[in-house]
Amino acid sequence: MSDARAVDQVAETVRMLSVAPSPAFWVAVIAYTAASAALLFVLAGHQRFRALAIGLVAVAFVAHGVDIGWRGTQHVHPAQSVREAIGFLAFIITGGYLLASTRYRLTLGGVVVMPVSLVLLLAARLTPAGDGLEDLSSLGRIHISLATIGVGVFALASALSAIYLVEERALRKKQFDALAFKDKGAPLESLDKLAHRLIWVGFPIFTVALVLGAVWVSKLGESLDRLEYPLAGVTWVSYAILLVMRQVYGWRGRRAAKLTLTGFVAALAVLMIYLVRRMVA
Amino acid sequence: MSQLFVVGISWRTAPVAVREKLAFREEELATTLQAMTKTLPVAEALLISTCNRVEIYGVGHAGQDPTGEVRRFIAEQRGLAPAEVSDVLYDHTGPAAIRHVFRVASALDSLVLGEAQILGQLKEAYGVAGDAGTSGPVLGRCLERAFGVAKRVRTETAIARGAANVSTVAVDLAARVFNLAGKTVLVVGAGKMSTLAARHLRTQGATHIVVTNRSPQKAERLAEEIDGIAKPWEELEKLLAEADVVISSTGAREPILTRALFKKVTKARRFRPIVVVDIAVPRDAEPAISDFEGVYLFDIDNLEKVVAANLADRAKAAEQAGKIVEHEAGQFEHWMRSQGVVPTIKALREKFAQVADLEVQKTLDALARKEHTPAQQREAIQRLVQLVVNKLLHAPTTALRAAPPDEAALRAEVLCDLFGLAPDENSRESAPGLPESVPESEAEPPRETT
Numbered sequence: 001m002s003d004a005r006a007v008d009q010v011a012e013t014v015r016m017l018s019v020a021p022s023p024a025f026w027v028a029v030i031a032y033t034a035a036s037a038a039l040l041f042v043l044a045g046h047q048r049f050r051a052l053a054i055g056l057v058a059v060a061f062v063a064h065g066v067d068i069g070w071r072g073t074q075h076v077h078p079a080q081s082v083r084e085a086i087g088f089l090a091f092i093i094t095g096g097y098l099l100a101s102t103r104y105r106l107t108l109g110g111v112v113v114m115p116v117s118l119v120l121l122l123a124a125r126l127t128p129a130g131d132g133l134e135d136l137s138s139l140g141r142i143h144i145s146l147a148t149i150g151v152g153v154f155a156l157a158s159a160l161s162a163i164y165l166v167e168e169r170a171l172r173k174k175q176f177d178a179l180a181f182k183d184k185g186a187p188l189e190s191l192d193k194l195a196h197r198l199i200w201v202g203f204p205i206f207t208v209a210l211v212l213g214a215v216w217v218s219k220l221g222e223s224l225d226r227l228e229y230p231l232a233g234v235t236w237v238s239y240a241i242l243l244v245m246r247q248v249y250g251w252r253g254r255r256a257a258k259l260t261l262t263g264f265v266a267a268l269a270v271l272m273i274y275l276v277r278r279m280v281a
Numbered sequence: 001m002s003q004l005f006v007v008g009i010s011w012r013t014a015p016v017a018v019r020e021k022l023a024f025r026e027e028e029l030a031t032t033l034q035a036m037t038k039t040l041p042v043a044e045a046l047l048i049s050t051c052n053r054v055e056i057y058g059v060g061h062a063g064q065d066p067t068g069e070v071r072r073f074i075a076e077q078r079g080l081a082p083a084e085v086s087d088v089l090y091d092h093t094g095p096a097a098i099r100h101v102f103r104v105a106s107a108l109d110s111l112v113l114g115e116a117q118i119l120g121q122l123k124e125a126y127g128v129a130g131d132a133g134t135s136g137p138v139l140g141r142c143l144e145r146a147f148g149v150a151k152r153v154r155t156e157t158a159i160a161r162g163a164a165n166v167s168t169v170a171v172d173l174a175a176r177v178f179n180l181a182g183k184t185v186l187v188v189g190a191g192k193m194s195t196l197a198a199r200h201l202r203t204q205g206a207t208h209i210v211v212t213n214r215s216p217q218k219a220e221r222l223a224e225e226i227d228g229i230a231k232p233w234e235e236l237e238k239l240l241a242e243a244d245v246v247i248s249s250t251g252a253r254e255p256i257l258t259r260a261l262f263k264k265v266t267k268a269r270r271f272r273p274i275v276v277v278d279i280a281v282p283r284d285a286e287p288a289i290s291d292f293e294g295v296y297l298f299d300i301d302n303l304e305k306v307v308a309a310n311l312a313d314r315a316k317a318a319e320q321a322g323k324i325v326e327h328e329a330g331q332f333e334h335w336m337r338s339q340g341v342v343p344t345i346k347a348l349r350e351k352f353a354q355v356a357d358l359e360v361q362k363t364l365d366a367l368a369r370k371e372h373t374p375a376q377q378r379e380a381i382q383r384l385v386q387l388v389v390n391k392l393l394h395a396p397t398t399a400l401r402a403a404p405p406d407e408a409a410l411r412a413e414v415l416c417d418l419f420g421l422a423p424d425e426n427s428r429e430s431a432p433g434l435p436e437s438v439p440e441s442e443a444e445p446p447r448e449t450t
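Line by line, the protein sequences are chains A and B. Just so we're aligned: 257 in our numbering is position 257 of the first sequence, and the numbers increase by one with no gaps anywhere. Just so we're aligned: 30 in our numbering is position 30 of the second sequence, and the numbers increase by one with no gaps anywhere.
Since the hints were derived computationally from the structure, they do not count as laboratory data. By construction, the Cβ of each residue, glycine as well, lies at the ideal position given by its N, Cα and C atoms. Treat the hints loosely; a few may be bogus.
To be verified - Derived, one-sided and incomplete: chain A residues facing chain B with beta-carbon distance under 8 Å:
id	residue
1	F41
2	G45
3	K174
4	P187
5	E189
6	R246
7	G250
8	G253
9	R254
Just chain A, same shape as in the assembly (with noise of 0.2 Å):
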């Protein structure tokens, strides 16, 4: 009796999982907790770990790609949903760092940047797909794709940031024996310079995103009053004061690199609530 139940369950949770995930998709897994664990052996002063834990981040991003690229076959498209583009959205960021840790000693990014990813990975493959957005039109995927990439672009710059802070509070601080001290990372004029450079990127990049979604939601008739539109809203607004201020008055450091993390929680908020909606729906 309850044996059936557990095999009604499991059939459901695979129905719920749309398409299986690949066995890339556990490599991946593997290869970001472990080069979470090994990064973390780095910034404890275990030098000799870098190489492997850089290799790891390596692995765990072809494997997350060859994942991608399977439910691809599988006709499942990243910008099918806010699922699949969560997951290619943390495909973006480790991109992202890999390409960062070539040029600067980003260890303590890695610490942040990879569970990150992993947990994003995890989010858009397991938990339930509800139903599938039904005549997506290409309209919408554009601008699924372009708002991935963006946020993704806007995460980089957010992870940068949050280095930045806890670098300078330790600088500031004099707290020469923390952690974040102990690991010889970019300089902050560097992090700093670097996340600007991302807002450059993303800001054009989610801008679009931002217009063809409001066009979107006004051809499929529905109403602009749901919490996402305000919230993408103050992304928008907080980079474009950002890259202003910047600008014309030299706003830098611990000031730029709040307001960077202000309109990256926002449009995190966004993701949430849109995943959030699409498994109750």
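Chain B: place on chain A using the hints.
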């Protein structure tokens, strides 16, 4: 076998007042080394004389321990009575000497653990010994290995990580705020520490060094010394607005870098980060300036705190480094010992080859003189082998039998060990295969004599 030795004095055993009496000037090194190898039973020698140590590394003539004579030699060279320095001089021989050289090269014996200078000084001293013709194969191998060990220690442990003095710490802290390439350094006042820090900053990529001082002459002089530009004291505010790193060490009684001044400066800078290193006592900077966005102020206590923490880390790394040195010294010792038997092995091989060649030639000549049946040829080969074996075993066998009873046991044991023999206790009276018969009395079973 010749052994490595070390005789010397260092900060561990004597204060500078004593060390300076034993120090050698650079131009004295070569002649001193040559005098030593000429007059003492010393085959190879190297002399290192730095502010923290005066040491002689050398190799004595075979079977001799020259450390006593070297101690006397050092004292005499410096015009001191040997008794005066006997307490502060130390010496090591053999494995302990190897260990010491490796530790010195790896900066484990240095006053500042892991400092980089000693390796360079040792390389220099090795060069001097080479030029003076007093370094040889043993010392050469030992030092080359010591340099290798030092490199290993530096890369595999954290011994050289983390700045160990105030001026490098200042540079490290500045490097956390920005990439120093192309940055401008402002030196306010003239202290030795700020000169050092400015030099460090330049090696890290800082391109402009500006010096300012209440006394224009002093500013000019310092600017010339560190290849910077002197600017008038009155321009301080403008200079602060343009600088990225400020190193302040004036003798002023009142703060110079005040909150009021920095309020104007930070505005002019548009919050561009600025690192202020204040190494003056009393302090030049008001602590409140670090409240401004982008101002990173470090005073002497902050710097000292980092130095202390780094040194503690180095002490921890020294344990791991000690293990590396221990392992490497063991290996080198092993190599040294194997070097001792190499000539013996060579001689043994040569002698055996000689005997074999001679007998083979004789047999070949005999066979060539007339026709032989195959049976005769076979017999000749058998005889040849027998002959060679007998000849080779003749000398050791006679020596073994002729040895005094207590030594015979040892020799027999060594032979068993070398050839992997398990002597049959019943057949100890006869010696098969040996044509020479030996009197019974000399064929005493070796084991029973002990």
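Do the hints match the structure? See the list:
Taking 8 Å as the C-beta cut-off, the interface hint given for F41 (chain A) is violated, the closest approach to chain B being about 14 Å. Taking 8 Å as the C-beta cut-off, the interface hint given for G45 (chain A) holds, the closest approach to chain B being about 7 Å. With its C-beta approaching chain B no nearer than about 5 Å, K174 (chain A) sits inside the 8 Å limit, and its interface hint holds. The interface hint given for P187 (chain A) holds, since its Cβ lies 5 Å from the closest Cβ of chain B, which is under the 8 Å cut-off.
Against a cut-off of 8 Å between C-beta atoms, the interface hint on E189 (chain A) holds, since the closest Cβ of chain B lies about 4 Å away. Taken as an interface hint, R246 (chain A) does not check out: its beta carbon lies about 10 Å from the nearest beta carbon of chain B, beyond 8 Å. Annotation: interface hint on G250 (chain A) holds; nearest CB of chain B at approximately 3 Å, less than 8 Å. Taking 8 Å as the C-beta cut-off, the interface hint given for G253 (chain A) holds, the closest approach to chain B being about 6 Å.
For R254 (chain A), the interface hint holds, the least distance from its beta-carbon to any beta-carbon of chain B being 7 Å, beneath 8 Å.
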